[in-house]
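Given next are the chains, with one letter for each unit.
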Amino acid sequence: AQSVTQPDIHITVSEGASLELRCNYSYGATPYLFWYVQSPGQGLQLLLKYFSGDTLVQGIKGFEAEFKRSQSSFNLRKPSVHWSDAAEYFCAVGQGGSEKLVFGKGTKLTVNP
Amino acid sequence: GAGVSQSPSNKVTEKGKDVELRCDPISGHTALYWYRQRLGQGLEFLIYFQGNSAPDKSGLPSDRFSAERTGESVSTLTIQRTQQEDSAVYLCASRANRGRAGELFFGEGSRLTVL
Chain A
1 AQSVTQPDIH ITVSEGASLE LRCNYSYGAT PYLFWYVQSP GQGLQLLLKY
51 FSGDTLVQGI KGFEAEFKRS QSSFNLRKPS VHWSDAAEYF CAVGQGGSEK
101 LVFGKGTKLT VNP
Chain R
1001 GAGVSQSPSN KVTEKGKDVE LRCDPISGHT ALYWYRQRLG QGLEFLIYFQ
1051 GNSAPDKSGL PSDRFSAERT GESVSTLTIQ RTQQEDSAVY LCASRANRGR
1101 AGELFFGEGS RLTVL
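Chains as they are written, first to last, in the numbering used here: chain A, 1 to 113; chain R, 1001 to 1115.
Just so you know, the hints here were simulated from the structure itself, not pulled from any lab data.
Derived DSSO-like pairs (lysine-lysine); straight-line CA-CA distance at most 27 Å:
#	chain 1	residue 1	chain 2	residue 2
1	A	Lys105	R	Lys1011
2	R	Lys1057	A	Lys105
3	R	Lys1015	R	Lys1057
4	A	Lys49	R	Lys1057
5	A	Lys61	A	Lys105
Could you put the whole structure together from the sequences, leaning on the hints where they help?
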């Protein structure tokens, strides 16, 4: 069965530092991959998505992610974190044969001033 | 409406009672999803509706859970004889059209607490 693993439950970074959130998936074919962000008290918002083509995708709020087939990874990055980026981040994969998204358990990001 | 609307935002109930959660998707969105988010966990898929096709119910955890959707409008998730393990945030999402690639738009969720 398809699965998504986010190895880091909680990450703390200082404001202005770079960020990388890890995501690994288990899926036989080329997946559709997504990153969503959930800010406190708000619904999930799409940051970026990968379907095909260029393996480096740009998203909103200065985020980017790189698809690496050989590593089954889709890590999220940001060169300089802002305090407003504190939130929970979810990686998701589009599941073949159906239209449901399978989500990871999330990584909670804390940003220190 | 402008976004996905869910009600109630918070619901506290006693064990054994039935609850209904409502989702009003973005107008014109054909696909509608229900997910469950338990504390410290990821989003667990429950059910998916696409237009007038038969729903994908493969994620419903037991026969106490059911959901309905009339056409491409409001959906209701019903939990019968609630148990404490049903406590969670229930998230609804909608998507504009068919296909795995589309963006899901999420509501803010209904937080259910079963005492």
